[in-house]
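Fit chain to chain and form the complex, with the hints in mind.
Listed below are the residues making up each chain.
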Amino acid sequence: LAELADSPELPDFSLLKRLARDQLIYLLEQLPGKKDLFIEADLMSPLDRIANVSTLKQHEVDKLYKVEYKPIISTSDQVCFLIRPRIQTVKWIYVANADKAAGKFRRYKIIFTPQKFYACEAVLEEQGLFGDVTTDEWAFYLLPLDDDIISLELPEFFRDNFLAGDQRWVRTVGSALHLLHSIYGPFSKIYGIGRCAKMAYESWKEQVEEGDTKARQAEIGNAFLIDRDVDYITPLCSQVVYEGLVDDIFRIKCGCVEFGHDVTSSDKSVKVMLNSQDKVFSEIRNEHFSNVFSFLSQKARNLQTAYDKRRGMDIKQMKTFVSEELKGLKQEHRLLSLHIGACESIMKKKTKQDFQELLKTEHSLLEGFEIRECISFIEEHINRQVSMIESLRLLCLLSITENGLLPKDFRALKAQYLQSYGVDHLLTFANLRQLGLLVEQQPGETLTVMESKVGKLVNDKTAGKLTDAFSSLAKKSHFRALSRKLNLVPKSDEEYDLRVPRDMAYIFSGAYIPLSCKLIEQVLERDSWTGLEEVTKLLNGHEFAFTGSNGADLRAKSDAQRIILVMFLGGCTFSEISALRFLGRERGYKFIVVTTAITNSSRLIEALLGNKV
Amino acid sequence: MMKNKPDEEDYWNSSKFKAFTFDDEDDEFSRLKESKQAVNSIRSLVEEEDDEDEVEKVSWSGEPVGRKTKPGNFQPFTDSLSESSVKLYAPELRKPKSESKDYISDWSPEETIHRMQQGKVVSLERFRSLQDKLLLLDFSVRAHDGNIITAVILFTLTSIIRVLFRELESRQTALRHFIHYLTEIRDHRLLLELLSNLFFSLPFSPEESAHVQDHYTLLERQIIIEATDRLAEHAGKVEIFQKFPRRASILNMPLITTLYYCCFYHYNEPEGTYSSPLNIRHTFRISEKQYFVTVLAARAKLKAWSDLDALFTSRNWLGFTKKKSPLSFHRVVDILQKNSAPTQVLQEYVGLVDDADLRIGLAQKHKCHDIVINTYRDLKDRQLLLGYRGKVERGSAEERKINDLLDSPVRKRRNYDHHHHYQHVT
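Top line first, the protein sequences correspond to chains A and B.
Residue numbers for the first sequence follow my numbering, so the first one is 1 and each next one is one higher.
Residue numbers for the second sequence follow my numbering, so the first one is 614 and each next one is one higher.
Derived from the structure by calculation, the hints contain no laboratory data.
Treat the hints with caution; some may be incorrect.
[Unchecked claim] Straight-line C-alpha distance at most 20 angstroms; calculated EDC-like pairs for lysine to aspartate or glutamate: (1) Lys733/B x Asp136/A; (2) Lys733/B x Glu137/A; (3) Lys349/A x Asp947/B; (4) Lys951/B x Asp132/A; (5) Lys951/B x Glu357/A; (6) Lys978/B x Asp354/A; (7) Lys733/B x Glu206/A; (8) Lys91/A x Asp132/A; (9) Lys91/A x Asp800/B.
[What the hints assert, rightly or not] If you want the footprint, here are the derived chain B segments under chain A, 3+ residues with CB under 8 angstroms: (10) 845 to 855; (11) 858 to 864; (12) 880 to 894; (13) 897 to 906; (14) 989 to 995.
None of the values given here were measured: they were computed from a predicted structure.
Beta carbons are placed, not taken as given, at the ideal position from N, Cα and C, and that holds for glycine.
For reference, chain B alone in the conformation it holds in the complex (with noise of 0.2 angstroms):
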């Protein structure tokens, strides 16, 4: 799996001047021949913040006494890495003092990364500076490769995450693996004084807090009306809740499932009241789309084709009536069959449909026969008036229909192609 020696050679051969290099942003591999005065300047610099001097010194030594000395003290390391299972570079944080002085920790933040991404051991302490630890970090960033990424932020960062925040703006890559991996912990507390340190939108604009205004309204309306139909129910005395009981609690119910029930259950009541559909359709600003295929739905399972009827019509200035709908009439006629509406009232519908294509089309699917044999006479189409006969029960009004017309001399008699001659039929 590792090949040990040549591993740690080449180590030894080039990394030494790697370990100083982190305030260095440019090109730190083009730098192998600093100078000596560099690094023991460097040092010092490292020491002042370290105190555990005796460590690094042991660590940083580019002398070959140095180098001699250690293979044979960290070969045992290196041996239980292959089986690197039990042993991770966390623990190995806390080992005592006079332990640590057995490995090498002046890798690269470059090969600590690479060492991390094979499951090797590495020691992180000696990314100690915020300057080094942000090094590392871009380095993880660098190596494309999520879980060492989050490892550096939770083993290096963690501690000083709050002072950190402005460092992670910059570092977007790194800034969402931190967001995903609180996310997973559920660390909502940190997560938020995150987001908010950020100045990151916060999740709702204005107009989607409306939204959320409106689901708070919605649910004090859902407490209201499930306390008083549940106190109904239970009393009795309301016939709807005996015919048809309520199968489940309207708390949390989306706004159209709540517009649907009172529609179910309170369809008829004043607008003044909370549970009454007109109430919640202005309350909610509920589009005359969105309300007339609510209503629809809801009166249609109940089989309350008169109250269908009284949706549709509006009357004009000179008192005539008028089937109106914002919803295309082919729309209703499928809804109304998919509630098992009667043939009369679906033939209701399907005459109102405009186009003559797809009115006929939903008038032969449902079988009112009237429909269409009236759609032919009025194309004064023989033929699909003969084709049609054969469609109709035997002895049926329809048959005895089509014959009359067929018989009927005062029509003339032509074929016509009929796709061509579609009309409007009022």
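Looking at chain A on its own, in the form it has when it is part of the complex (with noise of 0.2 angstroms):
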């Protein structure tokens, strides 16, 4: 579909870039000298896309090192830490730091990113440290990843938010919120749904309040907050959008991605960076996966094409063409390569795992149809002992879409799976309990005949599948009366042209709009909660809508009035930012996504495995 022709631009997110690397270096010459630093590993993505080693060096910064719970071997007399707030970390510094024993005097500094937590700071004082070392934080909140996303680089947000039940992060989540809304706000309408997002938009709302607010033009109109537990469904789908399926496959890091042997056929694996600057991939991210070989391979020929220009030229024109398009021609033939390359990898590894008959099996769960097949499918899967995690995540869908699993199939699942992966799942599945992610259907939650009955006429699929019908009707499935209410799943009986999308459901084959995305669409388009009143009781309530105080105009339909923040709190999958760009193509929209971390299936599933205690 063709983009607006006014479709609003989006505001210059380099600025928060600008803004943390400027603070990093504030805190760096506080301690004025050489001095060695320790990084922690998994901020190392996030360092280097705002700012790079020289910056480093340039406020003496003699070594870098990464932290790896290792004794310390620098000989500086300085050292400073660049950690997360966790208390692993910070005990590991006193392990490692035997100097004190040694007589040695060394001057030690932490700076904690985003922010330091009163528990990080009591482990240095139970261990007598407090004093000995200076501590600091970064308020680096954001991370533009791309032009429309910006995230928070907090996995762990979503198991001590929803496993562990832990609050720490709202505050922060709070904070980065101001911080937007400060630089590009103030908001007109701040939606939300979800416990958290409620807390995060109270924190926020406080934060605000004590800051003093200049009247500036607001370059964002709406905030939509969404807590990762309203849908689980959607992330636990496969992916087969572009972006989506080479995230799943190799695993996307902070907007970069590492491209292995099998890719680009070399001994070298390469490292891309995947935004709207690659001029291939940001054509074909949004794009379901069955339309990107054939878009690729048009962009062959044109390359082609755009070669074979030299031919019958005279020095001069050789020249400017050398000059002037050779280089971007290079450019773009090594990225079609290297997407081509992506491409043949995926359909190798997805036929070598019969990805059309899981894809199958995903959309039966989805629509509610052959819910027996799906249950041998899955049972087939842990017999033999294929990936632990693909088994859990099938185990959450049926569980999810059936509101429970019948407890002769709960008991029978469980222990096989116990018996094919291990024991120390009991923890795992303790984990998903505790989530509602795989749960038994208690005794009571049956229907009555009579209920079943209706149920039975009103959405019967088949007359061949009675039992089916009857096995999957005869509970109370939110799933279900959710995907009813908001017309989810397509009717499976129509078309789906992939090529032209007729909405969301495209990032999933047609079978099934995201339930994230859906709710955020319905949201907007009322402008208010009113009349989605019991899908929200369906989803547990926490629903919020406010009008921004302080100087937000509402002169409607300026440009940034178009321009809407949706952040989700415990990640998002590159399938709902897909969804999200396909429905502001669509309303004329630009949505922004902040996200605490970007998620998957795998990522969501690891984050509750409980058998690495």
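Written as structure tokens, this is what we have:
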């Protein structure tokens, strides 16, 4: 679909990078003189995006080390640690520090980012290091990963908040929102759903009231906050849009992917930045995978034509060609061959794991169709010891779509899972149950016979699948109800042309519209939650909508009003981002996605594994 | 960063009585006009539990005198806040008495929480009664800031945590922060004590205990098997260990991996031995399907096709043999193919696939020509046969077979729409 001509301009988020860099430099200068810098492993890539080694060297950083939980070997008189506020890391700093015993004097500084926690300082105090070590905060809240994606790079948010029930990051999120609001706001309206979203909103509100606000021209109109636990279905589905698929298979880290030799067809692996700067990638990232091949081959033909222009050129033309076009063509050539290589590698991997059948199972679960077959597919998956993550993912999908497993199925599948992958996964099951991702149906949850009969009349797909329809409809299922109310699962008997998507369902091959994005669409359309009462009830409430105060003008229809910030608390997937981009093109909005981290099914499940404690 | 003056002024103008409202659960802020009498009575109350009346007297003072003298005194302390990196409230707690006089310690619980959130110095020493401590905790929970919730527990409650278990039980949010903190610092002793005191459902249900018991039994088995097999391998007398050296120890592997191992190295052992696959199957109540899948994978890896033949063959009462599988045969084919089974073996199992569509698909994929040709013959579909002739090798037996069929005068040559005429071929 053609982009609307008057699509609003996105705000310039590079300012956030500059701010973070300047603050880091300031902090480094607080420790004058040469110093060695120890950087937490998962801060390396984010740091890379905003500063390079020479910036650090300019501010007298001598050697750089990665925090590896090994003894410190630095010979410098001053050591600086740049870490996340984690107790484990702070403890390591103590263990590694044998200086005191050796009677050596060194200056230590710990820079916590994005903030420090009292609990971390308590560890320092307990170890008797409190006075010897100075601590500071680097308020590096937001890392722009692309023109329209900003990440807090806090994957642990998900586990800490939703599993442990620890609200340590709530204020962090509030502060991040506050930062965006004070640079790009004021927001006209702020909507949200979820317990954490509500708390983050309140924390933000409080911070707004503390500070003084200057009247400014808003660059972002509305904001939407959503908790990951509002919609677990979407991140659990296999991704089939190019960017999501690349993330599922190669794992995109901080906007960068490492393609191995199977992609590059050489001995070396290559690191590639995946963002809108990559002209090839930016055209295919939101496409359904089935379209990507034909697009790339068309692109390759065009490239060939451009190269062929050289023939019959005279010297002067050739010179211009080399100086003006060749570099661009070579760059495009390189990118094209990389993405073609990636596609081939994806095809190979997916054919090997019977991707088609896997997708069929997922779609059946979403539709609530042939559930018995799905269960035996999952069972065979477990029996054959195919990836333990995949098996859990399918089990969770089954449980959420069916509103829990029948006790007999639950016990059998759990027993087989433990036998196949190890009994230590008892803890994994406990975690999944706590989040409501994988549960056993409680007796009394079944509907009355009458209700199930009515349900069957309304929703039975094929007359031949009586037992099936019965077993899947004879329970109260939130997902089914939500799916019906919001039309999440398009009718399967209609052809869905993936080249010309008609709705957001295209990101799942036309089988399912992501619940998270559908909610956003509905609320924006209504400009409130009115009319969605039944939906929010099924989602356990916690929805809110507030009109911005302090000078937020409602002079609607300015460009900024069509810029919408969506904040995912607990992570969002590339598929959701693609769906929002589609929605934006359809409705003349531009979405800015802010997330605590980019997630996908594997990351989500891995965060809940209990077998490595 | 900080607006020193107004901040302090605000405080002195508004918070006079806030500090005394800790036992007023409802709405302490609406009670700003509390009488002096009330103040005094509470003062005496606190003095009773608090020996450090010197400090307390100064800090509570709502008198204008105190108000005038103070700001000058605590100016340096607020100054140091702007670089709050070194100074924190925790060491403040240990400051000598004389010094602590110099700063205010009568922030209300709410104010205290608020200042902590901003990283400002606070004094927690005035929260000494259990009631005060819990009130502070409740305010921290209300602020939705996990950092502060944990800090309050850590700095005011840990010393008395054992008497607090009950209080925490009704404060789920705070409790979860405490549990998470204990998990992070790996204080398993206190964690266990806490959990068992709270009548928490301990991690394992009866059903789960059975899994743990099974695991224990499994470990015992693994130890025996590992010891025996390592000896056998070293002795070099058992052929299979020579041909396929063991890659890793079996200890701590999941049950199915152990079963696979036994199917691989100990398949034909009598059921009486610990390492016999059948024995493992019975001991651990492994489902028929799971057992089949594992045997299949292990024996296919060894290319022991005759074992598979025996595995799937059952005899009915007339003595006829029949192939049966708890696993659909197209999956069987899939597993065999992944273990690079030869075409003759694949063909046998492809032929057993019930669904004709699926069967033809698999037969074509694995080049089981006979099955394709026979199916088309049974469908009496001349077009499909003609089409398939192009796919087999020139001059091969398959091509001849197709030619024979096409030439055969007996058959009625008609073309059917093959989609509508699939039938079961037995």
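Status of the hints after comparison with the structure:
no.: 1; hint: Lys733/B x Asp136/A; in the structure: 13 angstroms, holds
no.: 2; hint: Lys733/B x Glu137/A; in the structure: 13 angstroms, holds
no.: 3; hint: Lys349/A x Asp947/B; in the structure: 16 angstroms, holds
no.: 4; hint: Lys951/B x Asp132/A; in the structure: 61 angstroms, violated
no.: 5; hint: Lys951/B x Glu357/A; in the structure: 16 angstroms, holds
no.: 6; hint: Lys978/B x Asp354/A; in the structure: 14 angstroms, holds
no.: 7; hint: Lys733/B x Glu206/A; in the structure: 16 angstroms, holds
no.: 8; hint: Lys91/A x Asp132/A; in the structure: 15 angstroms, holds
no.: 9; hint: Lys91/A x Asp800/B; in the structure: 14 angstroms, holds
no.: 10; hint: 845 to 855; in the structure: violated (count 0)
no.: 11; hint: 858 to 864; in the structure: violated (count 0)
no.: 12; hint: 880 to 894; in the structure: violated (count 0)
no.: 13; hint: 897 to 906; in the structure: holds (count 6)
no.: 14; hint: 989 to 995; in the structure: violated (count 0)
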